Structures are given as structure tokens and as C-alpha cells.
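Start counting the sequence shown at 876; every next residue gets the next number (my numbering).
Treat the hints as calculated values from the structure; they're not laboratory data. Note that the coordinates shown come from a computational prediction; the quantities given were computed from them, not determined experimentally. Wrong hints could be hidden among the right ones.
[Stated by the list, open to error] DSS-like, lysine-lysine: derived pairs with alpha carbons at most 25 angstroms apart:
#1 Lys1140 - Lys1366
#2 Lys899 - Lys1032
#3 Lys1366 - Lys1171
#4 Lys893 - Lys963
#5 Lys1171 - Lys1231
#6 Lys963 - Lys1060
#7 Lys893 - Lys1032
#8 Lys899 - Lys936
#9 Lys1140 - Lys1172
#10 Lys918 - Lys899
#11 Lys936 - Lys918
#12 Lys1063 - Lys963
#13 Lys1032 - Lys1140
#14 Lys1060 - Lys1032
#15 Lys1366 - Lys1172
[What the hints assert, rightly or not] The calculated label-pair distances, taken between Cβ atoms and stated as ranges, are:
#16 Asp1190 - Arg1411: 20 to 30 angstroms
#17 Glu1214 - Arg1004: 23 to 33 angstroms
#18 Ala967 - Pro1017: 56 to 66 angstroms
#19 Val1441 - Ala980: 45 to 55 angstroms
#20 Ala1192 - Val1441: 43 to 53 angstroms
In this text, a Cβ means the ideal position worked out from N, Cα and C, and glycines have one as well.
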Amino acid sequence: VTCTNGRASRPFHSEALKVFAFRKTAEGYYAENSLMDITSSVKTTGSDGAGVTLEIAAPTKLAGYTAYILTAHYYDYPDLFNDVMAAKFREALTHYADIPFDGTALDEFGYMMVTRHVDTPFRDRFYGRAFAAEFARRTGTPLERALFDMRYAPEGKPETRIRAINEYFDVMRDGPMRVEQAFYKMSKEIFGPNTFAGIHNTFHNYMRTDDLWRVGFNWWTVPREYGQSDEDWPMPQRMGLIMAHPEPVTYDQHYSRSLNSFLQKAFRDARFGGRTDYHGWNDNDGRWGINLADTKKCADIRSVESKIRLLNQFDPAAPKLSVLVVFGMPALINWFPDEAARSVWDINGKLGIEEKALAVWRAGYPCALLPSDLIDTGRITFDAEGHPVVNGHRFDCLVFLDPQYAKEPTLRFLEGFTQHGGKLMIEGSADRDFDGNDISGRFQKIEALATARAFDVSQISGLGARTNSLPNGAVMEDGAVVFANYPSWRKDRAQPFEVSLNGHQFSGSYVGVCALKSDQHGELEKFACGGFSELRRDGTVLFSLHSPGDIVIRRNDTGGYDAIIVGSETNTLQGF
């Protein structure tokens, strides 16, 4: 038995971990009373580090039985359930404790990177001795037995395999999180409570790839003040990052060989609280894209960011999102028993979760995509009116994708949500819970109370969802509006806007970005605008500049206004 799936290394030791014998009755099933542990009958006849050769001296009574051989291949990479990695990080940060760093970054951290060979699906599992101890502590089952149960179940008892798969990944996903949490905590302890926590743990960024095996699909729960992602992550996922983290801004690390892709992205994302982390400094060979150290080539980036910083001064709330899209994490990870759904990375490859969330967004409904993990930990709830709520962010309705194998908190949430009149679109069926118990009748009651019982974008309006009606703009949770427009910046041509806020019509024009907020009486509270000339309310000019310029205006504690004008010192603000 060999193992060569380490991405950059080979194992230094291999051994027989456990050997079971059983009488197979069908693919994936065995006669329950036939299972035997015959590890003591195994003799190792050779080992070269990456592989092991075994002989099994089984008694004749096992003739016709199947032997299931578990081999462990050890790599030079820490077990994430012991304290080795956290201790090394603490040692490194402490070494530089005398330097007042503003932030620390842990990028794409997780398990040892693995390789899927061409045309060969990945079917291995991570194992470690500390991992095994933690698994046994949490589940009461030895990890070695669970690894077997993930592949075979007693005849007529599929729940054994269902529970083993769900429990394995439930514990395994905590490995990277333990280290992430330790790193976050020690960073604050060593460099101060305001230390910026960076960066992202989106690895290859899609559910269909190997992110489960690297970072445990912990994209939204990694400890950060600002949600961070990589490679132009789709907006529903990034809106989920905003909902799951304290600050109303999300950073996306981007690289490209096209300068315009950076510039267009900056404006496209900005209206929904998105900011760009420009990747590719000193990229002299062009491997990742343009070299951002080329100050002449990247002068446009500085110009764009000078506009985006106006929004930073405005400090908008989180965007108002109408639709919460939640997917069942267990259903994504556990394909059993649908063999046709088994992907090359050994997860459910038929669900299309990301594509469905993006379809909601493209239909004009601002939405956030989040995993059922946040229901299980109590961060997704619902209010007295039956609206889903995430960390205080209120939505109009819920689209729940793939409830199969849901944990008990998720089932209780769906029951309570529908009983309180919540508007629910549910996609997919569920006949088993996380532990493999039959929940067919229970789920039918949930389904009967759902507003829609299949995913259909054309039916989302029937849930009470609202589209974004602002061209180039978005509404924030506090009623403010934010506009961002790439062509107006590129052509240096003012883009007109008109918007109704608290019963009053505000109008004007902007270059690049604009944001405004009024109080309940229609009095202006704050305003930021690129290329500003004048702002009107109900046709009357409130403020104007002698010549167009970038500006930020805020109402102060005395009822007057403070203003910052970027540009000429001779430019004067009228109406101030």
C-alpha cells in the first residue's frame, strides 16, 4: 500500500493502523455479526516510508471474507490537534514583540496540501494521533473504527456510515480552526488589541475543489474583524463574510494581468462594502499578473483608491440584503448513498450551491450565502416577525439549500422559522439527520409550511424579497445609499443621480463614488462625493462647490457641518 498524495513531500513512515475482516453482503455493506478486528494477524514484510507491504495470516474460518486494511502514512507536518503549530507561531511572534506591528497575517492556513493525481479521485483521509484522541473524546468512537465505518455499514443500517462520515468531518474541520483561533488570540496579546487580523483562508475558493481538505470549509468562521477572501470571490459569499464578521467591509485579494480588471472591480465591489487587496507587488516575472511596484503603470490604482477612500471617510453601514441563502454543510460534505454525486474530492458534487446563490444575486436580489454551521452555533436566528437574522443583520426571507443530514439545531430552527411565519424556499429533501436517524415525517412538516418547495429564482419575489432598484448603487442597513461607477471615473464625466430618502428627493452628480445619508426628517447627516459640484434636496441646492472636487461633509454635534475638500485651497463650499 502506497501513498503519494502529499503535494510537496513524501511520507517518512508507513504502518498498518488497523485491519478488519467481514463477510461482505453488498457494495458498502457487511453482515453485522461477521466483523472482526484481525490487526494482530498482520505482519509487516517491508516498508520504504511511502509504502508498506503486509501479509495477513488469517485463520481458515475467514475464507471468503473481505479484509479492510487501514494504513497510516506519516508526513513531516504537524497534527493540528496538538499544540505544535500554535507554539511555533507564538515563538515567531514573540521574537518580534519589540516591533510595533499594526497587524499579523495567517494566509490560507490548514492541513498539509494534498495532490489529486490525474484521473484519480482523492479518497484518502487525514489521520493523526492527537486528532484520534480528540475524535474519541468528542464522539466516544475510536477514530480507527470511524474510518472503517465511513466506508462500510452493517447490512440494513446505513445510519452507521452516515453518522461516521458526519462525525469525522465535524471534528476534522476543527483542526485548522484551533490554530487560527490561537494565532488570532496571541496576535492581540503580543501586539495589542487593535492589531489587524489578516488575511483569508479561502484556498482554491470553490466548493467543488479541495478546500475541505485544506481549510475545512471554514471560510466564514475564521476569526477576523473584517471578512477576507481571495481571487474575486463571488458577491453572495463575500456578503456572507460581512454578515459573519463585526466590521461592515470585506476585503478581496485580487491579482490579474489586466489593469482594468483591478479598476473595474474596485468600483463594482465598493457599493456593497467591498474593498480590494491588490496582489502582485514585485511580481517581476508576471506569474500572478501585473507588477504593482511599477508606480507609473499603477498610477490609475492610486487614482481609483483616492475615490474609494471617500467612502471610507463616509463609513457606511453594512449593505441591506434581502435574501439569506443558507446551505446545509453536512449535505455538501456527505454524498452517501448517492454514488453518482461523489466528486473527485469525495464530497457531494451535484448540489450547485454557489451557482444557485449567484443566480439569486444576478436576478437583482442582494443576498448573502452562509453555511448551516452558523445556525448550529446560534449566530443565525429569527425575530418575532419571522425574519432571519445574522449577528443583528435582518433579512426578508430565507432560501435553504440541501437540508439532508442536518444537525438538531438546524432542524429546530427550520421548524420554528416556518411556525413563526418565516418565508422559506427549501431546496432538496431530508430523510436522515446528522446521526443518521430517520426524520422523514419531521421534514415533511417543515416542507409543508415552506412558501416554496424547490429552488426557483422566479419565485423569490413571492417570499417578499426586494430587488436593488438603484442603478450603480446600493442601500445600506441604516438607510444610506452608496453609488460607484467605473465609466464616470474612466471618462472623468459626471454621472447624475437621484434618490428618495425619508420622503425627500436628493439629486446631483458624481465621478467615481457617492454616498449620502439623511435623518428621519430628511436632513442631511453625511455625504461623500467624487467630482462634486452641487447637491440638491427637492430641487433646492444644499451645497455647491465653485469648481468640481472631491468632498466629505458631516453634520457635527452643534447642528452645523464639517467638510473636507480635496484639491485646490481656493475652492469654496457654498451653503456651508
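Each hint, compared with the structure:
With a CA separation close to 16 angstroms, the supplied pair Lys1140 and Lys1366 stays within the 25 angstroms bound. Proposed proximity of Lys899 and Lys1032 is supported: the alpha carbons are some 14 angstroms apart, at most 25 angstroms. Distance check on the hinted pair: Lys1366 and Lys1171 sit about 19 angstroms apart at the alpha-carbon level, within 25 angstroms; holds. A distance of roughly 32 angstroms separates the Cα atoms of Lys893 and Lys963; the hinted pair therefore is violated under the 25 angstroms criterion.
About 41 angstroms separates the Cα atoms of Lys1171 and Lys1231, which puts this hinted pair outside 25 angstroms; it is violated. The hinted pair formed by Lys963 and Lys1060 meets the criterion: a straight-line CA distance of about 14 angstroms does not exceed 25 angstroms. Our distance criterion of 25 angstroms between C-alpha atoms is met by Lys893 and Lys1032, whose separation comes to about 22 angstroms. For the suggested pair Lys899 and Lys936, the alpha carbons sit about 15 angstroms apart, so the restraint of at most 25 angstroms is met.
A threshold of 25 angstroms between alpha carbons decides the hint, and for Lys1140 with Lys1172 the separation of about 17 angstroms falls inside it, so the pair holds. Between Lys918 and Lys899, the direct Cα distance comes to roughly 23 angstroms. Compliance with the 25 angstroms bound is thereby established for this hinted pair. Among the hinted pairs, Lys936 with Lys918 is consistent with the structure: their alpha-carbon atoms are about 19 angstroms apart, no more than 25 angstroms. Restraint check for Lys1063 and Lys963: satisfied, since their Cα atoms lie roughly 16 angstroms apart, inside the 25 angstroms limit.
Of the supplied pair hints, the one linking Lys1032 and Lys1140 is violated, its CA atoms being roughly 51 angstroms apart against a limit of 25 angstroms. Simply put, Lys1060 and Lys1032 have alpha-carbon atoms about 43 angstroms apart, too far for the 25 angstroms limit, and the pair is violated. Using a Cα cut-off of 25 angstroms, the hinted pair Lys1366 and Lys1172 holds, with the two alpha carbons roughly 18 angstroms apart. In this structure the supplied range 20 to 30 angstroms holds for Asp1190 paired with Arg1411, their Cβ-Cβ distance being about 24 angstroms.
Here the CB-CB span from Glu1214 to Arg1004 is close to 32 angstroms, well matched to the stated 23 to 33 angstroms. Range check, Ala967 to Pro1017: Cβ separation about 35 angstroms, and the 56 to 66 angstroms hint is violated. Evaluation of the 45 to 55 angstroms hint for Val1441 and Ala980 yields a failure: the beta carbon distance comes to about 31 angstroms. A hinted range of 43 to 53 angstroms for the beta carbons of Ala1192 and Val1441 is inconsistent with their spacing of about 24 angstroms.
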